[in-house]
Amino acid sequence: MHFLNHTKLLTVKLACLALFYFVLVSEGLGQQQQIDTLNEIHQSVEQNSDQRQQDLQAQLIEFTGIISLQQKILEDLKAKLDQNPTQLTKIALEGQVAESEKILKNAKAAFESIVTGGLDLEHFKEVPDQSFDWQSDLIEIIQPIFQSLKDLTEQPRAIERIRKTIEFYHQNLSEIEDSILKIEEWSQAEVDLATRRQIQTIQKDWRERKAEAQRNLELFQLQLRNLQIRQESIWTSVWSAFGAFLTGRGLNLMLAVLATMAVWFGMRSVLRLMVPKENVDEFQTRSQYSRVLFYTYRILMMMASTSVFLIVLYSTGDWLLLGLTLLILAGIAIGLKKYLPQFLAEAKLLLNLGAVREGEMVTYEGVPWMVKSINIYSHLVNPVLEGGELRMPLSEMSQLISQPIADDEPWFSSNLNDYILLPDGTFGQVVIQTPEFVQIKSREMIRTFLVSDYLSLAIKNLSMGAFACVGSFGISLEHQEICLYLVPNAFERSIGLFIDQNGLQPFLEELSVEMSAIQLGSIQYLLYVRMKSPAAEHYWKILRIMQQACVATCNSEGWRVENPCMIFQAPPPDFPQK
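Counting in our numbering, the sequence shown runs from 825 upward without gaps.
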């Protein structure tokens, strides 16, 4: 140790002399002054070196004497132990032997350190294997956290301790004074001389105890006043702590965050170069290998950013923030343990290997959706709904099952501006349909349905494919002779003529009139007209045209109308719908 101190002293002196030399040179000293200065430096170094060598020699001589003396003492002590001493003497001698061996060992180590040039001999000792104790390691990590919390409340806790101590001495003084009064009463009593002397001795001891308690009380009261004078206001303390945080841990935290963001966005930029034509947040590909590489790279981004954050805190030596970060990461890891099965299921979805695949269709709350992309928040679309886009978390996606999309797959029961027929006979046009609600315009009135209610209505969509208008018409039984051929042919020609006169002939697909029944003294005819979907808005008009044409035919032919129960209905369509 002495050798190391002399070495440090010599190094400091050399640095100071060298600095002095360069300052003189910078101020423009002449060459002779520089030479003189160098000579002085060399002389000083030689003098210091000689002095150091002499000190080391003196220390070696001193340690040699100590070693010789301790060896002689050890020999004497061991000789006494060999003489079979008593048990007490043996214990004392063994303690002296242990102490002497310790002194001898330290003296030899110091002597060897000086001779070897101040080499630390501890580096050459074999380090024993240490058992792993996670509890002690955890305590070592979180110790700076609790130490910082302890430092924040040190002054209030010190004041509280001193106040309790002052309260203790106040109570103690009160009890001491009561005891002294009782002792004084005994000192005035008539007792023998020996008893009086004993009482006086006790009285003196208690007075000294009172004086000592009084001094301690005054001392702690002084300490309390000093602490209260130095105690800052709450706002001053908060501001000081905030300033210390900004210049200390706040700066370290900012550096760590900036480094983390730099790594994250840097690696993200590289990812954009790797996937130039795709949105990095909604990467879509049918290649499983590409998806594996993509999400592996995203995981590496997270790991690299976290590692940089920890490395910056470690480099700045901020063990408090580092310990807090490690505790948070450990808590997250422990908390995610029970979510491991769900995490694996979601990982399969991200890799496009789960029950839901990109480019397929899922049904969510009764509405079909196309899976456009699978990500942390997957992107679902429905092309026939206004605002038909949905962002769904993986936890919800994992509960669904997708299926391939057919060529003529219907995405909803209706499209915008379609004409529909509700089960209650209401005819209307779809004016708004969103993922939440549908609005139907019927006779200048708007009816609003929730999507779930709308889908449960089993509507008839007249704008998909074709639709049929069905009616009935009756004539009297007196025309029985001509009811099978002449009457239906006349009705059919008349209905076709009326349809043509109203400009609906291009939309006509099928027209037929047939006798259907005889009831209530009349011959009933079934009127059937099949129209293309562009004529759906004329649904009620076509039904009226059918009746008007039949009445006009009866008037021109002189047939008697017998139609006691006229029924208009649209039976379930028997034609394919898209």
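I should point out that these hints are in silico values taken from the structure, not numbers from a laboratory.
Among the hints, erroneous ones may be present.
[What the hints assert, rightly or not] Here are the simulated EDC-like pairs of lysine to aspartate or glutamate, each with C-alpha atoms no more than 20 Å apart in a straight line:
| id | residue 1 | residue 2 |
| --- | --- | --- |
| 1 | Lys896 | Glu886 |
| 2 | Lys896 | Asp879 |
| 3 | Lys1265 | Glu1189 |
| 4 | Lys988 | Glu999 |
| 5 | Lys926 | Glu978 |
| 6 | Lys1284 | Glu1302 |
| 7 | Lys1034 | Glu1014 |
| 8 | Lys1034 | Glu1001 |
| 9 | Lys902 | Glu886 |
| 10 | Lys1365 | Glu1268 |
Going through the hints against the structure:
1. Lys896 to Glu886: Since the Cα atoms of Lys896 and Glu886 sit roughly 16 Å apart, the hinted pair holds (cutoff 20 Å).
2. Lys896 to Asp879: violated, 26 Å
3. Lys1265 to Glu1189: violated, 25 Å
4. Lys988 to Glu999: holds, 17 Å
5. Lys926 to Glu978: Since the Cα atoms of Lys926 and Glu978 sit roughly 40 Å apart, the hinted pair is violated (cutoff 20 Å).
6. Lys1284 to Glu1302: Given pair Lys1284, Glu1302 is violated - Cα atoms ~39 Å apart, limit 20 Å.
7. Lys1034 to Glu1014: violated, 26 Å
8. Lys1034 to Glu1001: holds, 7 Å
9. Lys902 to Glu886: Violated, because 24 Å separates the two Cα atoms, which is more than 20 Å.
10. Lys1365 to Glu1268: With a Cα-Cα distance of about 17 Å, the restraint between Lys1365 and Glu1268 holds, given a limit of 20 Å.
When each numbered hint is compared with the structure, violations occur for hints 2, 3, 5, 6, 7 and 9.
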